[in-house]
Each structure stands twice: as structure tokens, then as C-alpha cells.
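Listed here are the chains, written in short residue letters.
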Amino acid sequence: AQSVTQPDIHITVSEGASLELRCNYSYGATPYLFWYVQSPGQGLQLLLKYFSGDTLVQGIKGFEAEFKRSQSSFNLRKPSVHWSDAAEYFCAVGANYGGATNKLIFGTGTLLAVQP
Amino acid sequence: KAGVTQTPRYLIKTRGQQVTLSCSPISGHRSVSWYQQTPGQGLQFLFEYFSETQRNKGNFPGRFSGRQFSNSRSEMNVSTLELGDSALYLCASSLFGTENTGELFFGEGSRLTVL
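Here the protein sequences come in this chain order: A and L. According to this note's numbering, the first sequence is numbered sequentially starting from 1. According to this note's numbering, the second sequence is numbered sequentially starting from 1.
Everything labelled a hint here was simulated from the structure, so no lab data went into it. By construction, the Cβ of each residue, glycine as well, lies at the ideal position given by its N, Cα and C atoms. Among the hints, erroneous ones may be present.
Beta-carbon label-pair distances, calculated as ranges [what the hints assert, rightly or not]:
hint : chain 1 : residue 1 : chain 2 : residue 2 : range
1    : A       : LYS61     : L       : THR80     : 34 to 44 angstroms
2    : A       : ARG77     : L       : THR80     : 38 to 48 angstroms
3    : L       : SER51     : A       : SER18     : 42 to 52 angstroms
4    : A       : GLY53     : L       : ILE12     : 39 to 49 angstroms
5    : L       : GLN17     : A       : ALA17     : 41 to 51 angstroms
6    : A       : LEU56     : L       : LEU115    : 47 to 57 angstroms
7    : L       : GLN44     : A       : PRO7      : 17 to 27 angstroms
8    : A       : ASP8      : L       : SER70     : 41 to 51 angstroms
9    : L       : SER51     : A       : TRP83     : 38 to 48 angstroms
10   : A       : ALA1      : L       : PRO61     : 18 to 28 angstroms
11   : A       : LEU111    : L       : ARG67     : 32 to 42 angstroms
12   : A       : ARG69     : L       : GLY16     : 45 to 55 angstroms
13   : A       : PRO116    : L       : GLU103    : 31 to 41 angstroms
14   : L       : SER22     : A       : SER39     : 20 to 30 angstroms
A few chain A residues that face chain L, going by a derived Cβ cut-off under 7 angstroms, partial list only [as the list claims (entries may be wrong)]:
hint : residue
15   : TYR32
16   : GLN42
17   : GLY43
18   : LEU44
19   : LEU46
20   : LYS49
21   : THR101
22   : ASN102
23   : LYS103
24   : PHE106
Start from the sequences, fold in the hints, and give me the full structure.
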């Protein structure tokens, strides 16, 4: 069965510091991978996605993620965190595109706090 | 282009009542999905609709149901509410099939509190 693990429930970083949020997935075939961000009281916004090709993908707001098949990981990174990045981040794996479903399996999320 | 609109944004119900939540997708999006978000269980897939047909369903009891109309708007209904149904219900719209970019566009959610 597909699953996503985000081992860090809560992370605190200083403004200007680098950030890495971890994500591991379990999926039998080539996964479709996503990172979403959720600010308090808001819905989810897509940061970036990986379907195929270059394993380093760039997203919005200066985020990037690297797909590592050997480690079943899709970690999210940002070189310099801004206070406005404080939010909850969700990694997700999708089953089938161009096909029968858009269903996503989400990780439990990582809550990011940014210290001034 | 307007985003995904969910109504109502907040509602309070008592146990045993039923509730209907509405979702208007982005214009041109014909696929609508629903997710339940709770602190304990996280984001869980409820169901997915395309062309008025349920394409996929999550592991929820039959008290949870949904439908999609010809204009792609969707509703979900929860009958005989339980305390554990208190959650943020998120609707997402997307393209489908060969047009699909893989991105789900989420609304801000309907926050249901069951007393």
C-alpha cells in the first residue's frame, strides 16, 4: 500500500537559516510526488511536484526538492528561510495521472516555526 | 480566475444531525475530490468525482456521501453526526485524464464542529 512518512512533526529554524524537511514514501511503481503548504486557517497550496525527469525540482517561494529513488525520499529544501514560511508542510504521493484517479496520500505534516 | 469555493466556512452541529457541505471548483475543472483533516488522523481521502460519477472512495463509513452536479459543483453529506466527525473538510478541484497536470487546487475548507 502507498504511504508517506514525514518523520519530523515540528521543526524550528532561525530566519535566514537553511531548511530541509524530510519525506519518505512507499510505492510500488514510479511515484508522483508533491509538497503542499498550509497556512493557519487556509487550504493547501502546491509548492512543487515530481513526475519524471530531472530529480531536482524547483517550486514556488524558493523551495526545491530532490527525488532519490534509492532512498525512497523526496526532501524539501530552502536555502534561506523567511518568517513568512512558518506553516505546515505536507508531502504527498499520487497514484495515477492521465488515468483513473487524482487521489493523493498525504504524510502527517511538519509544522515549521521560524525564530526571528 | 476564481479559486475553489467552499461553503459554509464554519458550522456547528450536534450529534445525530446531518450536514451538507458545498464545493464549487475552478472554472473548467471537472474533477472534485474531498479530504477530511483532523489533528489525529491528518489528511484523509474521502471521495473523488468526475463527470457526476464517483471515481474513487476512501475508507469512510456509509454516513459519508457525496455527489457531483452537471456544472461540476459538488456536495458532500454526513448523516448521523458523531463527535469524531469534527474536522476541516477540504475540497480540491483538478483537471482529469490527459489534461491532468497532477495538481490539486484546494479550497479553504469547511470547519465542522460536532457538539
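Each hint, compared with the structure:
1. Between LYS61 (chain A) and THR80 (chain L) the Cβ separation comes to about 42 angstroms, which falls inside the hinted range of 34 to 44 angstroms.
2. Our hint of 38 to 48 angstroms for ARG77 (chain A) and THR80 (chain L) holds, since their Cβ atoms are close to 46 angstroms apart.
3. At about 45 angstroms, the CB distance of SER51 (chain L) to SER18 (chain A) agrees with the hint of 42 to 52 angstroms.
4. Checked against the given bound of 39 to 49 angstroms, the beta carbons of GLY53 (chain A) and ILE12 (chain L), roughly 47 angstroms apart, stay inside it.
5. For GLN17 (chain L) and ALA17 (chain A), the Cβ-Cβ distance of about 48 angstroms falls inside the hinted range of 41 to 51 angstroms, so the restraint holds.
6. A hinted range of 47 to 57 angstroms holds for the C-beta pair LEU56 (chain A) and LEU115 (chain L), which are about 48 angstroms apart.
7. GLN44 (chain L) and PRO7 (chain A) have their C-beta atoms about 20 angstroms apart, which keeps the hinted 17 to 27 angstroms range intact.
8. Checking the proposed 41 to 51 angstroms range against ASP8 (chain A) and SER70 (chain L) shows it holds: the Cβ atoms sit about 44 angstroms from each other.
9. SER51 (chain L) and TRP83 (chain A) have their C-beta atoms about 44 angstroms apart, which keeps the hinted 38 to 48 angstroms range intact.
10. Range check, ALA1 (chain A) to PRO61 (chain L): about 20 angstroms between beta-carbon atoms, so the 18 to 28 angstroms window is met.
11. With their beta carbons about 34 angstroms apart, LEU111 (chain A) and ARG67 (chain L) fall inside the hinted range of 32 to 42 angstroms.
12. For the hinted restraint 45 to 55 angstroms between ARG69 (chain A) and GLY16 (chain L), the CB-CB distance of approximately 49 angstroms keeps it satisfied.
13. For PRO116 (chain A) and GLU103 (chain L), the hinted distance range of 31 to 41 angstroms is satisfied, since their beta carbons lie about 33 angstroms from each other.
14. Between SER22 (chain L) and SER39 (chain A) the C-beta distance comes to about 23 angstroms, which sits within the given range of 20 to 30 angstroms.
15. Here the hint on TYR32 (chain A) is kept, as its CB sits about 6 angstroms from the closest CB of chain L, short of 7 angstroms.
16. Satisfaction of the interface hint for GLN42 (chain A) is found here, the shortest Cβ-Cβ separation to chain L being roughly 6 angstroms, below the 7 angstroms cut-off.
17. About 4 angstroms separates the beta-carbon of GLY43 (chain A) from the nearest beta-carbon of chain L, less than 7 angstroms, and the hint is met.
18. Residue-level restraint check for LEU44 (chain A) holds (minimum Cβ-Cβ distance to chain L is 4 angstroms; threshold 7 angstroms).
19. A distance limit of 7 angstroms between C-beta atoms decides the matter here; for LEU46 (chain A) the minimum to chain L is near 5 angstroms, and the interface restraint holds.
20. A hinted interface residue such as LYS49 (chain A) counts as satisfied when its beta carbon comes closer than 7 angstroms to some beta carbon of chain L; here the least separation is about 6 angstroms, so the hint holds.
21. With its C-beta approaching chain L no nearer than about 5 angstroms, THR101 (chain A) sits inside the 7 angstroms limit, and its interface hint holds.
22. Here the hint on ASN102 (chain A) is kept, as its CB sits about 5 angstroms from the closest CB of chain L, short of 7 angstroms.
23. The beta carbon of LYS103 (chain A) comes within 5 angstroms of a beta carbon in chain L, closer than 7 angstroms, and the hint placing it at the interface holds.
24. At a threshold of 7 angstroms, the smallest CB-CB gap from PHE106 (chain A) to chain L is about 4 angstroms, leaving the interface hint in force.
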